[in-house]
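This is what each chain is made of:
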Amino acid sequence: MNDLSRRRFLNRMANACLGVGALGLTPSLSAIGAEPGVRRRPTAKNVIMLYMAGGMSHLDTFDPKPGTAEQGALQAIPTSVDGMSFGQHLPLLAAQAHRLTLLRSMTSTQGAHEQGEYFMRTGFVQRGGIRHPSLGAWISHSSPRINPTLPASVVLGGGGQHPGAGFFTAAHAPLPLGDPAAGLPAARPAPGIDDERFRRRLALADALDAGYRAGNDQPTVRAYGDLYREACALMDSPDLAAFDLTKEPEALRDRYGEDRFGQGCLLARRLVENDVRCVEVVMGGWDTHDDHAERIADQCAILDQGASALIADLAGRGLLDETLVILATEFGRTPTFNERDGRDHYPKAFSCWLAGGGVRGGHVHGATDARGATATSAPVQVQDLHATAAHALGLARDEVLSPAGRPFRMADKGTALTSVFA
Amino acid sequence: MTLVMRLLLPCLALIAAAHGGEAPDYQKQIVPLLEANCVSCHGATKQKGGLRLDSRAAIEKGGKGGAVVIAGHPEQSPLYGRVVLPEDHEDIMPAKGDPLAQADRELLRAWIAGGASFGDEAAPADKADAATTAPVAPESAQTVDTDLDRLAAALPAPDAAAIAALARRGARIVALSANGALLDVDCSHAQPFSDADAAALRALGAHVAWLDLGGTAVTSGQLELVTALPNLSRLHLERTAVSDASLRHLQQCPRLEYLNLVDVPVGDDGLARLTGLRALRTVCVGGTMATDAGIAALTAAVPGVTVERAAALAPLPSDGEDKPRKRKKKQ
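Top to bottom, those sequences are chains A and B.
Note that the first sequence covers residues 1 to 422 in the working numbering.
Note that the second sequence covers residues 1 to 331 in the working numbering.
Isolated chain A, as found in the complex (with noise of 0.2 angstroms):
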């Protein structure tokens, strides 16, 4: 490379990091004057998932039936709610009740763990040959960025099996990371690699790619190259602050929990004050098929503590009324008992719930029957979880082509839960 390409690369990389590049914040009227995704005035800005991988247990948890044998030892406790109970060891949940919109009628087709997180990650049921976008590549895809240096969309703690971006390009994936509380990993160049070596190695990395880049003229090889310029532009960013929890207060951490879900709810709220539009937080450990109450009881423990502080946090800081936080699981758990006192999987009836961004608080939608097996009530399918989040954030759902040309919406034939919002 000669110096003049270097100082022409090094100057595109400057435009890059401070963010007055390709990004663009001289939008033109057309830009701003005709957005395609936005269908009506959205009421949240921000969503936080909250996944519960597994196959949270509906009756132990947010739909108990006090009472009956399909209850087992596990008791339930009143709310802030009147009339509303939750599962015994969700105290600090019940006393936020009152900023809940329950779905108790949630339904699904899908009874194993990895189709059933697929459906409830993507809104679509898996199918060979395809891979379709997660909630957070959908709300990449259909809105604009606010913060253009931090990624759209972020999941804490997930697995390997996550859609992520599905058939959207690379630029529409989530950002995965596993320890909540170790910060953004690599986000600093390895030790003894200088400002100015760094940028070499990357100018060198941009030679080797030219060749193919201009062969190869395509959205996807296109979006790789972005995504470097992303990356190179967070890590001059102070943006990358938003990763860094030690700058919480010690008592604040402590009150979300020491495990990675509490911390990674914490994290989740520092990221969508960020404007990091989606954050999906997992907690794994629900598939309870053995030891249910003592399980269900660490989980519950866990969960109550991140999910209330959570929402404490943000309602105190002006952050729940534009944050739509779901607490979604791919299934619930059979109301009869195995022969190793513990639930299997039941995707008939379950319960997720909603929190902020424009939802109604202390709200019941659909039910099951007593003994929680069937969704007696308004009824709510996979999709339509999809479509209120859609709703929430005035996403207009415009049919999109994946790249072997077929069809395809957000949240597929959902319907959005429009008496949920207040």
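Keep in mind that the hints are not guaranteed to be accurate.
As the list claims (entries may be wrong) - Going by beta-carbon spacing under 10 angstroms, a handful of chain B positions derived as facing chain A:
1. 56
2. 69
3. 209
Honestly, the hints are just simulated from the structure, not real lab data.
All of these numbers come straight from a predicted model, not from anything done at the bench.
Every residue, glycine too, gets a C-beta built ideally from N, C-alpha and C.
Fit chain B to the supplied structure of chain A, relying on the hints for placement.
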């Protein structure tokens, strides 16, 4: 009853009458009061005296000493009697911290005196449904059209030069309506806030529906810019240094639904300037000097408003067997 109490109670009754004479609303007024002052010891985490005050059933059940509320008789109800004891009395509630503010004591008294009603007997879902099917008409004679979507349809396209000027200064601008006429303008990343920014916002005028000035150096004087924003419905002022008096400018924003004042050096005087904003739904006052009385006055004046205080995120109790606080990291 002490002499002081004998003299005080009729005065309090008069205050109640001045507030409209209606018994306070359990969900809107009593629940927040109990949450803020009582539930940390009489709630889900601790049940001092076997008493919980975080649900209707629990309040009706009472504590180890029996009933805490005797409807119609505040003086015989421990829920009221214990909070009006002299400050140095060993039985005064809250046991820790300051005694209840006068306005809060009066709220409790008026609620019990008025029959300690827990509101509509219907299930919560039914209650909420009723609320949507029969929207409460604003009491003000001059009703304001808050349907921003309809307003947007009638607005011309915003001035491209004004948008470009703001964007160059670092503001993030997003359309909120399909025709692009309503805007969400976020200046919170564009510090410092200058007169030029204020002028650019004024130029966008009716197009600005959401405005984020959070953490900027916007001054009390510059806040006058909101008088040029008739369609403003959400305003972030958190972590700014605007004054009580400057909040009077918001009276020109009849569609204001959301106002974030977290960590702003304002108090009751500022809140008092918001009482004419009938569309207000959420006001966040954490970290301000607003008192219970000022908040109660605002909620009484603006039907349907929720005032969010600072989150009660005290550390969980570390005593007891069943403590979720200290836990090893999950692998």
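- Message: The hint names residue 69 of chain B as touching chain A; please verify it with the least Cβ-Cβ distance against 10 angstroms.
- Response: Violated, about 15 angstroms.
- Query: Does the nearest C-beta of chain A fall within a distance shorter than 10 angstroms of the C-beta of residue 56 of chain B?
  - Reply: This hint holds: residue 56 of chain B lies near chain A, its Cβ roughly 5 angstroms from the closest one there, short of 10 angstroms.
- Task: Would you check whether residue 209 of chain B satisfies its interface hint, that is, whether its CB is within less than 10 angstroms of any CB in chain A?
- Result: 7 angstroms, holds
Checked against the numbered hints above, the structure breaks only hint 2 and satisfies the rest.
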